[in-house]
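Protein sequences appear in the order of chains W and A.
Going from the first sequence to this note's numbering is simple: count from 1 and add 1383.
Going from the second sequence to this note's numbering is simple: count from 1 and add 1.
Errors might be hidden in some of the hints.
[As the list claims (entries may be wrong)] Capping the alpha-carbon separation at 27 Å, the derived lysine-lysine pairs in BS3-like fashion look like this:
(1) A:K17 x A:K66
(2) A:K17 x A:K43
(3) A:K66 x W:K1557
(4) A:K190 x A:K318
(5) A:K43 x A:K356
(6) A:K356 x W:K1557
Treat the hints as calculated values from the structure; they're not laboratory data.
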Amino acid sequence: MGESSANDAGWAQQWIEQQQSLLDRAAQSGPGKAGFEQVNVLASQWAELGKSYLGGLMQLTRSMGAAAGDGESAQPQSQSGGAAPGMAPGQPPGEMFDAWKAAWSNAMSQAAAPGGWTDLLNRTPPLGLFREQTEAWRAVAAARADMERLEQELAAVLRRVQSEALVLLAERVKARAGSDDPVQGFRELYDLWVECSEQVFSTVAHSSAYAHLQGELGNASMRLRARTQKVIEQALKQFDLPTRSELNSLHQQVRLLKQKLAALEEGAAAGEPAATAKTEPAAPTTKPAPKPAGASAKRKAPAAPRQSRKRTR
Amino acid sequence: MTQPGFDSARLTREIKEFSERIARGMTALSQTGEIRIGSAEKEAVYTEDKLVLYRYRPITELPEKQQVRTPLLICYALVNRPYMMDLQPDRSLIRGLLQRGLDVYLIDWGYPDGADRYLGIDDYVMGYLPHCIEHVSRASGSPQVNLLGVCQGGTLSLCYAALFPQRLKNLITMVTPVDFRTPENLLTKWTEHVDLDALAATTGNVPGELLNALFLGLMPFRLTSQKYVDLLDHIDDPRVLENFLRMEKWIFDSPDQPGEMFRQFMTWMVKENRLAGGTLELRGRRVDLRNVAMPLFNIYATQDHLVPPSASMPLQKLAGSRDYDSYAFPGGHIGIYVSGSAQREVPSRIAAWLKARDGKG
């Protein structure tokens, strides 16, 4: 173990030195360094560190493997069943990397399956300073994947409609060919195709399965939209710009104030004390105090309507 | 490939003619210019927020006996624009009513924006609509008003009539859904699994384009393809082309729906069918259709794919009116306003029905 310990200490020292070097070089690069270049330098240094770290780990494993060859130290581990993660009890520690590699490959192959990467991401909780932002973006990705899946399902249904419509069209053309009213031109054929398509589609459209799929797709698209809105609002807040949520809050307050005002006006018209006016407007009485568009509502020319005049003749 | 009935010379000729029609169509479309909407003169007599109440000017001098003394207020839907009631001189329900001696008012709800997203059904039924009726009543000197509700506007009118029956002399509903849970109602089926709370929370006001996409989706092959191919058959007729483009403008000139109003309407009316079930409450007051005791004229279209007759017809049983009449127009949801037979039938039936009840009560 003595040699191993010495090797471990050397690896740790090497790592510390590289950290120091990295910090020094980052400090030297200064603010004038282009951002991407700096990132590249850091990335390559981290890669070097990774290799060094793995090298150290290999050394550690070899030393553990050597120790496992020692009957005294191997026996208690085997009895307790305390194998390292990814290792079967009694598995030689020297094969730990193979086990790890197999686990990683397995995870990656799952990720490569449709929706697998999203699933993998969703199962991994985000951590750290940007936890919230990461979570929000992951939610967007998951919603997008969900919507795309449902879009594909809907597209498959619509393809089936078209396919069945063509079969029906062929039947109808064949049936008419033997009658005294054969299909004689493209236009007739087209009209017949539309008729067949609508007939097949109508059957599908009235089915509960189609209604369910339509609903699911609509809901998925709303989820994507809502989650996208969330990340956009997060970004807007960083720049102290107003958001839809804030506008909604204001609109709700304005509506409430208008209702209170209407109730007060009705109360006043009915001779009630202001304090007794209801928050929600009561049913309109014969005097809802409408606002005439012109000075005289009955015959004189009205004031210009705010919106419709230019649209209506 | 030779098929029974297919004549290659005929097919070649058809392709050639079709190509020529497309070419002529492009020329014709480029020469149409601005599409003009509306025909009857009107003036704005009341405004509130984005709402404008119009009064139409009389177009005929009829003897007093032939006039309908009680003014008629038309409450249109929030979906699409009310100029469908007066699209052009020869396609105008309003013009037809004016010609028959009616004093006509129309509510234009305007184009809701973000400031309107929290307006609810109660704001329309217990706020805007009563204010308009009050104004019409004052301006005309008539204590009661005739109300004509169209489509969703008819549903709102029924709510108003149930809450304030004393203000209405007669009620007319036109292509108005009352029972939303009938087997033919495809829109109801499609909204069954939609999270309407999330929809309203996410979109705010529900975009008109979204609703249009939904309506086109009801008959996608006809509405997105065939009708444009059919147009080529009449591309040389400037009048037909102009009518088509005018209708196209109306179809796609769709205001956004105030989010909360949409959420409430779709949840309470469509999903939960509260109006027909007698469980709808607005500001703590129950909307009971049995209170709709005034004379009631229910007009629906037999081939309506948006509001199927089965959604309108139950009104007879649900309303409390003992003077119930109905008219099944042989056509669709849009044909009932603009078709030739609609111009002949609908205004004359409305006017005759109102005249018969004008002196009573």
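(Q) With the threshold set at 27 Å, check whether the alpha-carbon distance from K356 of chain A to K1557 of chain W stays at or below it. (A) The hint is violated at about 57 Å.
Q. Given the hinted pair K17 of chain A and K43 of chain A, is their alpha-carbon gap at most 27 Å?
A. Violated, at about 48 Å.
(Q) Checking one constraint from the list: CA of K43 of chain A to CA of K356 of chain A, max 27 Å. Satisfied? (A) Satisfied, since the Cα-Cα distance of roughly 23 Å is no more than 27 Å.
Q.
For a C-alpha distance cap of 27 Å, please report whether K17 of chain A and K66 of chain A respect it.
A. violated, 61 Å
Q. Taken at face value, is the distance from the CA of K1557 of chain W to the CA of K66 of chain A at most 27 Å?
A. violated, 64 Å
Q. Given the hint that K190 of chain A pairs with K318 of chain A, does the C-alpha gap stay at or below 27 Å?
A. Since the Cα atoms of K190 of chain A and K318 of chain A sit roughly 24 Å apart, the hinted pair holds (cutoff 27 Å).
Consistency note: the structure conflicts with the earlier hints numbered 1, 2, 3 and 6.
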